[in-house]
Amino acid sequence: MGQMSGAQMVCEAIIAEGVTTVFGYPGGAIMHVYDEIYKQEGFEHILNRHEQASVHAADGYARATGEVGVAMVTSGPGFTNAVTGLATAYMDSIPLVVISGQVPLSLIGTDGFQEIDAVGISRPCTKHNFLVRTLEELPRVLKEAFYIARSGRPGPVLVDVPKDITVDIGEFIYPDSVDIPTYKPTYKGNKKQIEKAVEAIKSAKKPLLYIGGGVVLSNAYELVRELAEKTQIPAVETLMARGVMGAKNPLLLGMLGMHGNYSSNMAMSETDLVISLGARFDDRVTGKLSEFAKYADIIHVDIDAANIGKLVDVDYPIVGDITEVLQAMLPQLDDVDTDRYEAWRNILNRYDELHPQSYVDSDEVIKPQWAIERIGELIGEDAIITSDVGQHQMWAAQHYPFDRPRQWINSGGLGTMGFGFPAALGVKRAFPEKTVVNVTGDGSILMNMQELVTAAEYKIPVINMILNNHFLGMVRQWQTFFYEKRYSETDLSFQPNFKALAEACGGIGYDVTTKAEFDAAIKDAIKQDKVCFMNVQTNRFEDVLPMVPSGGALFNMMLPQTTKGDA
Amino acid sequence: MKTNVNERRVISVIVMNESSVLSRITSLFAARGYNIESLTVAPIPDSDMSHITIATKGSSRLMEQVTKQLHKLIPVYKVIEHEEMVEKEMVLAKFPIAENLADISVLSAAYNGGVVNVGTEMIIVMVADEPKRVKHFIEAAQRYNPCEIVRGGVVAIER
Ligand SMILES: Cc1ncc(C[n+]2csc(CCOP(=O)(O)OP(=O)(O)O)c2C)c(N)n1
Ligand SMILES: [Mg+2]
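So the protein sequences, as listed, match chains A and B.
Using the numbering used here, the letters of the first sequence correspond one by one to residues 1 to 567.
Using the numbering used here, the letters of the second sequence correspond one by one to residues 1 to 159.
Note that these hints are calculated values from the structure, not bench results.
For glycine and all other residues, C-beta sits at the position ideal for the given N, C-alpha and C.
Incorrect hints may appear among the rest.
Unchecked claim - Computed footprint of chain B on chain A; a stretch qualifies when at least three of its residues, placed anywhere within it, have a C-beta under 8 Å from a C-beta of chain B:
| no. | stretch |
| --- | --- |
| 1 | 123-133 |
| 2 | 174-187 |
| 3 | 416-425 |
As the list claims (entries may be wrong) - Listed below are the simulated SDA-like cross-link pairs for lysine to any residue, each with C-alpha atoms no more than 25 Å apart in a straight line:
| no. | chain 1 | residue 1 | chain 2 | residue 2 |
| --- | --- | --- | --- | --- |
| 4 | B | Lys78 | A | Ile180 |
| 5 | A | Lys434 | A | Tyr458 |
| 6 | A | Lys143 | B | Ser23 |
| 7 | B | Lys68 | A | Thr186 |
| 8 | A | Lys294 | B | Leu62 |
| 9 | B | Lys72 | A | Glu229 |
| 10 | B | Lys68 | A | Lys434 |
| 11 | A | Lys310 | B | Ala31 |
| 12 | B | Lys72 | A | Ala456 |
| 13 | B | Lys88 | B | Leu39 |
| 14 | A | Lys499 | A | Lys523 |
| 15 | A | Lys184 | B | Glu7 |
| 16 | B | Lys68 | A | Pro331 |
| 17 | A | Lys191 | B | Ala31 |
| 18 | A | Lys294 | A | Asp313 |
| 19 | B | Lys72 | A | Lys499 |
| 20 | A | Lys192 | B | Met49 |
| 21 | A | Lys434 | A | Ala456 |
| 22 | B | Lys78 | A | Ile15 |
| 23 | A | Lys192 | B | His71 |
| 24 | A | Lys184 | B | Ile138 |
| 25 | A | Lys288 | B | Met49 |
Excised from the complex, chain A in its bound form:
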């Protein structure tokens, strides 16, 4: 390609990687790159109104497409604003490349203007990071950044580029392959271990598929469905895996964990063989570890060896990509006796009848669960749902009929309020023909509300459905249960005028207090080409149930009132 500046190399690499949209925010140290962005036509740049939002938007784009998302920020405050975005992506293993400007090499270490140790700060929240030291290494570093981000267990990679390197001119040869002798992810599972796992499945009486976000990352959902179908083994999903089995799948029990449904949590408590696929035994899933899957042997398939045996002892460890492992496993299960597990399935179905996922609806006020079920009915399979963090997130995860993976996009590991709206922008950019709804709360939405301006400017019509309980509801719920109703700093009675706020920024606002208004607002919003705030007044004191109190055993659930008494 010949001679060009470091700034041009950055743009050329982005184009060579097939990235169509970059989210970012300029500033002094990254200005040369922005100058090249101005001149090129290979990708679109979206100017968010805060760097955190840029990274979340790139993250939403990555989660929806499975491709690497790219964000660009300047040095110092630009970079520090991006840190929450990096950490959010890191905790959920999302492939991102974030390019940050840095002060010129000669100023590094001098406390120069807008100098901050970006690689130092981001080390614990990136899969890897680079401070580029010479122009010669820039093409290789960019190539490696994309490769590391998307290979093995994916994750965010930061490339910190000193300003003088973006000015310097040199030869650009973008490598077509990567060879990092110290980095060789394992994709193929060990044959012997897979055979042993198959034997364990065939001799189990109460096996259970425990499906995690790794299945989504590995694009393995069809194989997982095939495994369930073939063996007739029931399945539970983590928060990150919603959509893998599909809501209509009779073998899906539901979501497990702190806000899991009764049959899922009981299944995990009574199973004799956990088949863990890309799940990592997070404390929000396991509850009290010593009681978790107490009667079970454990098969653990994960691409990250460090996840295996980290929290629970594993009987059949299989390091590898779920897709490859299942491809090897499935043919060996042709002769599985599905009747073997019938008694077990019956027990679980009985649990489900006894305590279905339920709530008490109302005619006077909109119940948040009703709102979720209603959008499920109205737009269901067509929509992609993003979410913020709190009660609304859990209700969305519990009640929306997710039909496929990558249809449910939320910050599970870090639990970042403010994620949903900017992530929705990235999703909508990737899938303009889909309806994108951010299910959010009156607390969370304010944490990145400046993105109204971005969405209006670029005509990115996402629907922000604010389930407005005038509370930091999830914290309020804990205060109700565990702090004798001392509502310390969770009352959000003082509210902005959400409708006016949206309108002031070039969007549409809807005030919704009745079910009829709800339907009308959704139907109208879908047709609009503008971003909107749908301010849905819900009852204030609704709790997310079932709930396993933090640190308690999974089978000790607080259940909703509607259920038919204890099992």
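Following the hints, complete the assembly by docking chain B with the ligands onto the known chain A.
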């Protein structure tokens, strides 16, 4: 069979020579709450790799995690959890010249070392031995009022 008690363990980490590789390793230990008892690092001759030796304490489960987490770092080539190893540590110690020099010289010879420098006011000895014996040397040296003792940290090699 390894036990689950807080045993002392030594691991070798072979890494690419990169400017930030050491900080990646130490910050991993800090972030995950693993402790470092001693750490040495030096380039491996005729290669672009370095050898880091870390002495630490922990259960076998913890050590398994440490090893796996280290291995996940991109510039880490290999992690060796030593079981059958030869382990040595070097120590430099400085004594006032007025102390019994013959005793000091014999003592350091007994721990695989000797006198390396004599000045007008001070004498410096070096010893190199197993960590346990190094501890004994340091205890024994107290009798001669050492002004300064510098430990080098352990290096280990699998037998
Ligand atoms: C950035 C950030 N700060 C604080 C928290 C802690 N937190 C978790 S849920 C929650 C309340 C969220 O309130 P809202 O968005 O109104 O949702 P609701 O629970 O009411 O549905 C808070 C403060 C968090 N997860 N993220
Ligand atoms: Mg709220």
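To see whether the hints hold, each was checked on the structure:
Coverage of the stretch 123-133 of chain A by chain B holds in this model, with 6 residues showing a Cβ closer than 8 Å to a Cβ of that chain against a need of three. Here's how the stretch 174-187 of chain A fares: 4 of its residues keep a CB closer than 8 Å to some CB of chain B, so the rule of at least three is met and the hint holds. Coverage of a stretch by a chain is defined here by at least three residues with a beta carbon nearer than 8 Å to that chain's beta carbons; for the stretch 416-425 of chain A and chain B the count is 0, and the condition is violated. Our distance criterion of 25 Å between C-alpha atoms is met by B/Lys78 and A/Ile180, whose separation comes to about 13 Å.
For the suggested pair A/Lys434 and A/Tyr458, the alpha carbons sit about 16 Å apart, so the restraint of at most 25 Å is met. Only pairs whose Cα atoms come within 25 Å are accepted, and A/Lys143 paired with B/Ser23 is accepted, the gap being roughly 23 Å. Of the supplied pair hints, the one linking B/Lys68 and A/Thr186 holds, its CA atoms being roughly 13 Å apart against a limit of 25 Å. Taken as a hint, the A/Lys294 and B/Leu62 pair is honoured in the structure, with Cα atoms around 22 Å apart against an allowance of 25 Å.
With a C-alpha separation of about 35 Å, the suggested pair B/Lys72 and A/Glu229 falls outside the 25 Å cut-off, and the hint is violated. Distance check on the hinted pair: B/Lys68 and A/Lys434 sit about 41 Å apart at the alpha-carbon level, beyond 25 Å; violated. For the hint linking A/Lys310 to B/Ala31, the alpha-carbon distance of about 16 Å falls within 25 Å, and the restraint holds. For the hint linking B/Lys72 to A/Ala456, the alpha-carbon distance of about 42 Å lies beyond 25 Å, and the restraint is violated.
Restraint check for B/Lys88 and B/Leu39: satisfied, since their Cα atoms lie roughly 13 Å apart, inside the 25 Å limit. This hinted pair checks out: A/Lys499 and A/Lys523 have alpha carbons roughly 17 Å apart, not beyond 25 Å. For the proposed pair A/Lys184 and B/Glu7, the alpha carbon gap of about 31 Å is over 25 Å, so the pair is violated. Straight-line distance between C-alpha atoms of B/Lys68 and A/Pro331 comes to about 31 Å, which puts the hinted pair past the 25 Å bound.
A threshold of 25 Å between alpha carbons decides the hint, and for A/Lys191 with B/Ala31 the separation of about 35 Å lies outside it, so the pair is violated. This hinted pair checks out: A/Lys294 and A/Asp313 have alpha carbons roughly 11 Å apart, not beyond 25 Å. At most 25 Å may separate the alpha-carbon atoms for a hinted pair to count; B/Lys72 and A/Lys499 exceed this at roughly 48 Å. For the hint linking A/Lys192 to B/Met49, the alpha-carbon distance of about 34 Å lies beyond 25 Å, and the restraint is violated.
Distance check on the hinted pair: A/Lys434 and A/Ala456 sit about 17 Å apart at the alpha-carbon level, within 25 Å; holds. The suggested pairing of B/Lys78 with A/Ile15 is violated, with an alpha-carbon distance near 35 Å, which exceeds 25 Å. Between A/Lys192 and B/His71 the CA atoms are separated by roughly 23 Å; this keeps the pair inside 25 Å, and the hint holds. Among the hinted pairs, A/Lys184 with B/Ile138 is inconsistent with the structure: their alpha-carbon atoms are about 44 Å apart, more than 25 Å.
With a C-alpha separation of about 43 Å, the suggested pairing of A/Lys288 with B/Met49 is violated against the 25 Å cut-off.
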